[in-house]
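Novice: Top line first, the protein sequences correspond to chains L and P.
Just so we're aligned, residue 1 is where the first sequence starts under our numbering, counting upward by one.
Just so we're aligned, residue 178 is where the second sequence starts under our numbering, counting upward by one.
Please note that the accuracy of each hint is not assured.
Label pairs and their computed distance ranges (CB to CB) [as the list claims (entries may be wrong)]:
{"id": "1", "chain 1": "L", "residue 1": "26", "chain 2": "P", "residue 2": "233", "range": "31 to 39 Å"}
{"id": "2", "chain 1": "L", "residue 1": "21", "chain 2": "P", "residue 2": "238", "range": "49 to 57 Å"}
{"id": "3", "chain 1": "L", "residue 1": "70", "chain 2": "P", "residue 2": "395", "range": "28 to 36 Å"}
{"id": "4", "chain 1": "P", "residue 1": "284", "chain 2": "L", "residue 2": "26", "range": "41 to 49 Å"}
Honestly, the hints are just simulated from the structure, not real lab data.
Ideal placement from N, C-alpha and C gives every residue a C-beta, glycine not left out.
The residues making up each chain are set out below.
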Amino acid sequence: MTRAEVAIAAAALILAPLFKAFEFVLLPVLYRPDFLLALAVAVGWSSDLWTAATAGFTLGLLEDLFAGRALGTRALSMALAAVTSSFVKRLINPDSVLSKVIAAMVSAALADAASFAILRARGIEVGLIYFVRWIWPVSVGWSAVLVLPVGSITHRLARILSRLWPSEGKQGREAAG
Amino acid sequence: MRRHFPYRKFITAMILLAASVALFNFTGKPAAGPSFWESLFNRVSTPFYRAYSYVKLRVEHYSAAFADKDELIRKNEQLQKELETVEMLRARLAELESENSRLKGLLQFRETTPGKYKVAKVYGRNPGKWFSTIAISLGTADDVKADDPVVSRTGLVGRVLKSDEHTATVLLLTDPESGVGATVEGSRDYGVVVGGSGPGTLVLRFFSREADVNPGDRVVTSGIGSKFPAGILIGEVVSVYVPKPGLIKEAIVRPASDLSHLEEVMVVER
């Protein structure tokens, strides 16, 4: 895990409660964007598979915590979203904006399908028609829209955070000194 | 001379005509109304007069504006502030009127449905797309505890899932983990209303194969089980269907409460 990846993961963890509070208090229920999913995708895009999985899982746990439900319900699917994003980046041109948007859509679709399956397996019946008509398209659409701004905010915060602790070079020099 | 006045004859004729008109009017007998020429003149001159007045007014206006610029700026700022205050008051008034209307509805519900109620403000809506919960401004300090029924002025909303000291989480009827014992008002067929089918949809699963239910029937709480008292309106049947051949029929129910726009709810004391 590189220093930049640690900074991005830390930024995501700081932003997660802020995004969730914003959703909770201000946004309407219908067509609500899933900021945490976009955050997981953005972190996955900037990290290796291992960091993506860890950060996504932690974000999922946070979401479960905020929702007041059994911990782990969203954790696996958010980890899947982040890992998918990281994996897709290796397959397509990572410098293209369109690649990022496609990765976000694929990741969100897979993550929500996983959530649906997990909830069903736990005996919580989310209607299939409701899922296919409402949750899935809204979630995939919002992920495509949000991945760029959320990614940008996360990177900016990560840059600020990385200035707060000394660089590896300096640490090395201090250690050597 | 001819070169300088090419229309001499015409101009002369016009001057003469004007002079005669003037003479007719000045020397003519006083009439009840304006003469033909007066009327004509008025009609022709009116647009010119209007144009002149407009220009004059503008000039006066701008000269006044330049003369008292500082005073005008000061007055403008003052008026802007007053306008902002008025707008704020107007928005506040609209909000109070809306709140008043909702509270009247709640009061009416309390009068028509016996029981002890505590009014709570809704300050947050479900923090995930998979679940349907709201956060309300009452908690254990107000004797609100888990499984207390929650209603709006139009019908059942859900039940308290968990409560802190000053806040509580309410599980809405539309949540996939929600289940309420219900009965159809006319036929008294029993079933259970479950969520998970969307933000504005409930499913009523009957216990009996011969359930007599039609679109438009009202569905109320059955009182079976200890969580909800009997007779609280849940919603109205929209359609009836059999999910698979041989299975017991189900009904799609539209919730009586608008669960997406709740602002105040009441917790029912059990």
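Novice: Take the hints in turn and mark each one as holding or not.
Specialist: Evaluated hints:
no.: 1; hint: 26/L <-> 233/P: 31 to 39 Å; verdict: violated (54 Å)
no.: 2; hint: 21/L <-> 238/P: 49 to 57 Å; verdict: holds (52 Å)
no.: 3; hint: 70/L <-> 395/P: 28 to 36 Å; verdict: holds (35 Å)
no.: 4; hint: 284/P <-> 26/L: 41 to 49 Å; verdict: violated (29 Å)
When the structure is compared with the earlier hints, violations turn up for hints 1, 4 and for no others.
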